[in-house]
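All chains, full assembly: derive it from the sequences and hints.
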Amino acid sequence: MSSLWLLTKKSLKVLIRSKSSALIVIFAPLLIILVLGLAYNTNERFGLNIGVYAPSFTDDVNSFVSILQEDEFTIIPYDSSIEQCVDDIRSGLVHTCISLPSSLKVEDNNPKDIVFYVDPSRVNLVWMVQETVKGKFELRSQTIREELSQNILTKLMTTKDGIAAQNSLLSSVKEQQNSFSASTEAVKQQLSTLDLTLPESSYSTESVDTIKSSINSSHEKIGEALDSLDSLNISSGQKADIKDALEKAQEELSSSLTLVEGNASSSVLGIIAILEQDLASARVKLQAAAERTANSQTILETASGEIAQTLEQLNSISDGLGKLQQNIESQQVTEAGTIASPLNTKIEKVSTEGTYLSYLFPALLILVVMFSSLALGTTLVMVEKNSPAFIRNFFLPIKKVTFIASIYFTNLILILIQIAVILLISLFFLSDSIAAFPTVAFILFVAASVFTFLGMVVGYIFKSEETGILASISLGSLLLFISGLILPLEGIAPLLRGLVSLNPFVIAEGMVREVFIFGAPFTNIWIDLLILISYAVALFLIILIIESFLHDHLVERMIRHHREKQQRPK
Numbered sequence: 002m003s004s005l006w007l008l009t010k011k012s013l014k015v016l017i018r019s020k021s022s023a024l025i026v027i028f029a030p031l032l033i034i035l036v037l038g039l040a041y042n043t044n045e046r047f048g049l050n051i052g053v054y055a056p057s058f059t060d061d062v063n064s065f066v067s068i069l070q071e072d073e074f075t076i077i078p079y080d081s082s083i084e085q086c087v088d089d090i091r092s093g094l095v096h097t098c099i100s101l102p103s104s105l106k107v108e109d110n111n112p113k114d115i116v117f118y119v120d121p122s123r124v125n126l127v128w129m130v131q132e133t134v135k136g137k138f139e140l141r142s143q144t145i146r147e148e149l150s151q152n153i154l155t156k157l158m159t160t161k162d163g164i165a166a167q168n169s170l171l172s173s174v175k176e177q178q179n180s181f182s183a184s185t186e187a188v189k190q191q192l193s194t195l196d197l198t199l200p201e202s203s204y205s206t207e208s209v210d211t212i213k214s215s216i217n218s219s220h221e222k223i224g225e226a227l228d229s230l231d232s233l234n235i236s237s238g239q240k241a242d243i244k245d246a247l248e249k250a251q252e253e254l255s256s257s258l259t260l261v262e263g264n265a266s267s268s269v270l271g272i273i274a275i276l277e278q279d280l281a282s283a284r285v286k287l288q289a290a291a292e293r294t295a296n297s298q299t300i301l302e303t304a305s306g307e308i309a310q311t312l313e314q315l316n317s318i319s320d321g322l323g324k325l326q327q328n329i330e331s332q333q334v335t336e337a338g339t340i341a342s343p344l345n346t347k348i349e350k351v352s353t354e355g356t357y358l359s360y361l362f363p364a365l366l367i368l369v370v371m372f373s374s375l376a377l378g379t380t381l382v383m384v385e386k387n388s389p390a391f392i393r394n395f396f397l398p399i400k401k402v403t404f405i406a407s408i409y410f411t412n413l414i415l416i417l418i419q420i421a422v423i424l425l426i427s428l429f430f431l432s433d434s435i436a437a438f439p440t441v442a443f444i445l446f447v448a449a450s451v452f453t454f455l456g457m458v459v460g461y462i463f464k465s466e467e468t469g470i471l472a473s474i475s476l477g478s479l480l481l482f483i484s485g486l487i488l489p490l491e492g493i494a495p496l497l498r499g500l501v502s503l504n505p506f507v508i509a510e511g512m513v514r515e516v517f518i519f520g521a522p523f524t525n526i527w528i529d530l531l532i533l534i535s536y537a538v539a540l541f542l543i544i545l546i547i548e549s550f551l552h553d554h555l556v557e558r559m560i561r562h563h564r565e566k567q568q569r570p571k
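Numbering (the numbering used here), first residue to last: 2 to 571.
Among the clues, some could well be false.
DSBU-like, lysine-lysine: derived pairs with alpha carbons at most 35 Å apart [claimed, not checked]:
no. : residue 1 : residue 2
1   : K386      : K464
2   : K347      : K324
3   : K464      : K400
Keep in mind the hints are simulated off the structure, nothing from the lab. Remember, it's a predicted structure, so these values are computed and weren't measured experimentally.
Written as structure tokens, this is what we have:
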């Protein structure tokens, strides 16, 4: 057990023998945690850039934009075409694009379509962006649902009040109809009691004709007598004849008078009496009929007024029902599905459908290149520094650039072999992207150069090999944590977000993603490529400065070591 403790103690002493080793072992993890804490120690919203496209930015669109701006999202409006916004997603300028209609008001049974354009290759961010923005649309959708429901309820209440008013009018019409029916029944009863039967008495006209003929005959005979008296010298005998004729005429006139003035029903006076009785009876009946007709006329006039009023009320009811029908028909949204989901969200990917491997492949490539380049660069420099030939190399007539270039090319050859192997293996899974491999290989070459120079800088700074390897791993871990691969860069504090975007891992991964997934041309990435090349040049110059500094101190150290050796007593 004591031997185990002694060996462990020896290993710890070897590890922390130098101050730099002790600092790296103790403070490298703390430094990573400190940097991440400073970067992500914020309660601000994610710094998302959201592109919004609409044919016209109406009040509805602007109100929704205001809702997004409440969460401190950066809104970039696009009014020309959605394709420009999609291109900005591919280049990383915006995180998502939203295509909105001119108006979010639902005016028929067709819900409004809201289209989200997302980049599926940003796996750690795409769903967060989608759910965050869809949450805002859900709030807006809820508002629209409430408006539609309130509109329907308002129309129902209006219809209810209208029906109640029409029911009141119908009750009045019903009462008037009952009154009219009662009046009609009363008229019917009054008219049914009228006695309009004709008298059944028969009036004989034969006596009148007899009287007429008798009187006419008497007149003729009297006329004959008169003629006889005027025209003849009458004798007594003749006078006797005339007298007989006159007497006979007198008898006949008396008989006629009896027919006229007799008490029999067949006499003229009897007939006249019967007629008078019948006329009196008819007069009574006509007076009763006139009274009842007058009453019926009054009742009918009242009924006519009630009918006119009923017609007016029926017209009012018809107009009211027509308005209620128009009010109901004005409700254009009648489907439950549209009311429940007035906004229909669609997700459109800005790249072709692929697997998670294709989405993660750019980040995996850069990750392998970064750690391999950092580790190899540091290792080769530490091996060179600890080599017995290191001191002799300083006195050779070879430029410092040559030594640096040799380490760089050695590291680069190994990295290129790894890249070639990875790309060849990926052909079995990602054969559709073979056209992008040349450009991707060139980007990886530049990225490998940058990370190789970073590893060489670490190797030149530290003395022991284990410390240098630990420092390179810590540096790679730091670059990884602030690359957006694990934690989204949008969650970093705004002040540090711009600096973190200059991370060579972020730049290289973005270029590979644009070329590999979106098929972007070289003209779209040349600025980022120049930034990486400038990093490589700057690191190369830093290595030259460090190399010169080490050379000067190495000569001074050798001279000091030689003097100390000479001053030692023999």
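Comparing the hints with the structure gives:
Straight-line distance between C-alpha atoms of K386 and K464 comes to about 8 Å, which keeps the hinted pair within the 35 Å bound. This hinted pair does not check out: K347 and K324 have alpha carbons roughly 39 Å apart, beyond 35 Å. Distance check on the hinted pair: K464 and K400 sit about 23 Å apart at the alpha-carbon level, within 35 Å; holds.
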